[in-house]
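Number of protein chains: 2
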Amino acid sequence: MAKSRSEQPERPRAGAPVLTPRDENFPQWYQDVLAKAELAENGPVRGTMVIRPYAYGIWERMQAELDARIKLAGADNAYFPLFIPMSYLQKEADHVEGFAPELAVVTHGGGKELDEPAVVRPTSETIINTYFSKWVQSYRDLPLLLNQWANVVRWELRPRVFLRTTEFLWQEGHTAHATQQEASAYARRILLDVYREFMWDVLAVPVHVGLKTVRERFAGAINTLACEAMMGDGKALQMGTSHELGENFAKVFDTTYLDAEGQQRHVWQTSWGSSTRMVGGLIMCHGDDDGLRVPPRVAAIQAVVCVVRDGEGVADAAASIVKELAAAGVRARLDDRTSVSFGRRVTDWEIKGVPVRVEVGPRDLADGTVTLARRGRRDKATVAREGLVALAADALEEVQATLLAEAVEHRDAHTRAVGSIDEALEASAAGFARIPWRLVGEDGESRLAEAGASVRCLQLPDGSLPEGYEADEPDLDALVARAY
Amino acid sequence: MAKSRSEQPERPRAGAPVLTPRDENFPQWYQDVLAKAELAENGPVRGTMVIRPYAYGIWERMQAELDARIKLAGADNAYFPLFIPMSYLQKEADHVEGFAPELAVVTHGGGKELDEPAVVRPTSETIINTYFSKWVQSYRDLPLLLNQWANVVRWELRPRVFLRTTEFLWQEGHTAHATQQEASAYARRILLDVYREFMWDVLAVPVHVGLKTVRERFAGAINTLACEAMMGDGKALQMGTSHELGENFAKVFDTTYLDAEGQQRHVWQTSWGSSTRMVGGLIMCHGDDDGLRVPPRVAAIQAVVCVVRDGEGVADAAASIVKELAAAGVRARLDDRTSVSFGRRVTDWEIKGVPVRVEVGPRDLADGTVTLARRGRRDKATVAREGLVALAADALEEVQATLLAEAVEHRDAHTRAVGSIDEALEASAAGFARIPWRLVGEDGESRLAEAGASVRCLQLPDGSLPEGYEADEPDLDALVARAY
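Residue numbers (this note's numbering), protein chains in the order written: chain A, 3 to 486; chain B, 3 to 486.
Keep in mind that a hint or two might mislead.
One copy or two, either will do: identical chains are not told apart, so a pair holds if it fits within one copy or between any two.
What the hints assert, rightly or not - Mimicking SDA-like on lysine to any residue, the simulated pairs with C-alpha atoms at most 20 Å apart in a straight line are:
1) 73 / 56
2) 73 / 331
3) 325 / 404
4) 114 / 87
5) 38 / 78
6) 136 / 48
7) 73 / 62
8) 114 / 88
9) 114 / 161
10) 325 / 70
11) 73 / 325
12) 38 / 139
13) 38 / 346
14) 38 / 135
15) 114 / 46
16) 253 / 95
17) 253 / 88
18) 253 / 182
Just so you know, the hints here were simulated from the structure itself, not pulled from any lab data.
Take these sequences, add in the hints, and give me the full structure.
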């Protein structure tokens, strides 16, 4: 692990806290965690970011878990170019209107001015449809289900590391189907079986699922489904979206197929994405005043084995514990930096939010024991070395479950059912407001926007995703919040 | 590739061959394979490419195998921004001179002209060093070993899919060390334990390793090590490079550390990369007149299970064979597209180069057998269904070994030891020339360049990598070839 200046000074536990307390200044706490846990920094070009190894390891775990679910949903990975001719973007009117203000434009290449400026992709619907229109000929070519892992660029006026960055990493899925029904079903499947399941089960983030209002839809979509999470300060973060594009792009890119009856038809499409923004969501959902808390299933380091201090055989014993844990499938890391004080190392691992810590010292070794600690818990246990691996695995399961339970509790404790826009605004100062959509409507959305809030999604009163996408269905609830 | 005509499979379709024969026109054969095996296409912006799912699946396997070896070598993944301020690139004189003609430049972002143009990274030494100089303070911070998987852009005048593209995908490693000895040892370690091992063992491409001459060095390096492969037409392809950067970047970016004696010192650095170009190398090293041949260890599909024609229980039997193969760790795919003729599907899988094919028909099913075929071999075997999984696994091992053996044979059969520049040029029309470096020198390199050849690398006469990097060591051999 790279060491930085932030690790250098002796940090007495007793004095000032390492991080700004969340209650005092949540945004500053977030910045402190980014720096002290060595997660990320600002890049030199405004709004870009450097993702440091510890955070990138979390992103790699996110990618692996999401990628497996995307493949189970039948989509193959592919790669489309970073540069899109400006004219492609201009084909779909809503799409270009939505993205034009955020574009980065390459005007020169190889020392010459380009004949046509190239846009650095803000999303890839237009370039992918150019190829779909070549590849899709007959109904036998459908459904066409592709995904790509890529960087995209959207110029940000108010950048914030992980949450809104000019460049970010993401996956974007793009599919073409024979019928609206199939496209609609696939967009739901991605939202529920890929995103929702991943976010609840792996990230331990209890997202709400729902429809976006017309106002909040993706530029060019006929329907947008979303996962919305509550952060530690009660604000909302959109964690992933799945769009029904209807025939909008198929019409402008002429993506048609010959159906079984010999009729030429437009395909129905979806697109869906999730990004490094989720790393920010993970930090703000689970973090506490001592730092990050990483759910074990997404932790690059699940257990750190610390040599308390040098002593006969201690370093060897710790190294062999790392091996045993690794053999049992636990992602374990050795910390034998005994030139750094033990207390400081413990503080650092707590800030980094490693779920389980094993401490090995000379006395433990003599007794045939080690110390097992869970992130953020004072009740360290002295356990027999023989039984450690099983206990560590149990502890990881428990930490995973606890993080989810706490997040659900926090979310529900900060959600109020209300009966007016005024009450919704009041509730959104501390969390989510649940309000019948018929009491909001487009005028209500404007009032919310003026006050800094928005309808995050529409859902049935039991929290489930409505069928169809008629945003004026009378029985839907709107979740109102201030959002990142 | 050295395969006798008698080994050619039956080609179910009469008439013209699907692909241009290699002997007739190798570049056209390459283009044909790209198209017919659905590997890649040109992108709309000159020199960019679309990587289709089948080729991307191979790239994913390459990434997984390389990434594991990179992590074993101690490097962690991180991510640095796509955009680099122009001024950063200008700091190292050789570096900017080397890359300036190939840069793509972003001049506008968010609807405004930028104060300083941003370069789309052609490589990341300059931006990474900016952060290294912050992160490295003391000898305890060293070595700092990072890698990133990313896209890079170098404007290409003569683009060629996979081989030379304006945008390509790669990994780039960047490290900082306390001493020149450590940096030098690490650059060698990456070349030998990561690149060479991966290329021989996984890609079945028997690369030569050696030093680059001063003329061929990376812009900004004091030494470049390279892996060089021979393609089916006898030309060379550079498959990966590992550079010693000396103190060049450390000096201009002021990357220093306090050593154990309290002295401020510059770090010694390396950088190293391998890219989607390797996919092109794989095609041109192993392909034959029937298409691609994918080494099993890097094949996204190792075995395809084909339903010959519909019949009672055939599709179910084929599906359960896919499951059995998958359970045994074989990457298997079902082909039950019985609306397409069996012969045509066989031809397609041969073009795609899937190593092993299992054929299941109604008669087989009745007999309790299936047919097991290896790519490019006529001797299909009828085998008991019970024993299939073990036989398929054996066949994969055999295909892997055969591809490597054939590539070594081809390489050595097309390499001639020569004693003059003229002879080297003659030999390079058909393959590699091995010539004592003292007979070439810088003047000889100019003569070679005028005739379209170059020194691919310098190595000891036994093919091993020299210590040190004095390119004028008298006992080195130069490998001369025409190169992609």
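Status of the hints after comparison with the structure:
no. : hint      : result
1   : 73 / 56   : between (26 Å within a copy, 14 Å between copies)
2   : 73 / 331  : between (23 Å within a copy, 17 Å between copies)
3   : 325 / 404 : neither (27 Å within a copy, 36 Å between copies)
4   : 114 / 87  : both (16 Å within a copy, 18 Å between copies)
5   : 38 / 78   : between (38 Å within a copy, 18 Å between copies)
6   : 136 / 48  : between (38 Å within a copy, 18 Å between copies)
7   : 73 / 62   : both (16 Å within a copy, 13 Å between copies)
8   : 114 / 88  : both (17 Å within a copy, 16 Å between copies)
9   : 114 / 161 : between (31 Å within a copy, 16 Å between copies)
10  : 325 / 70  : between (26 Å within a copy, 17 Å between copies)
11  : 73 / 325  : between (31 Å within a copy, 16 Å between copies)
12  : 38 / 139  : between (54 Å within a copy, 16 Å between copies)
13  : 38 / 346  : within (12 Å within a copy, 60 Å between copies)
14  : 38 / 135  : between (49 Å within a copy, 18 Å between copies)
15  : 114 / 46  : between (25 Å within a copy, 18 Å between copies)
16  : 253 / 95  : within (12 Å within a copy, 50 Å between copies)
17  : 253 / 88  : within (18 Å within a copy, 40 Å between copies)
18  : 253 / 182 : within (14 Å within a copy, 60 Å between copies)
Checked against the numbered hints given earlier, the structure breaks only hint 3 and satisfies all the rest.
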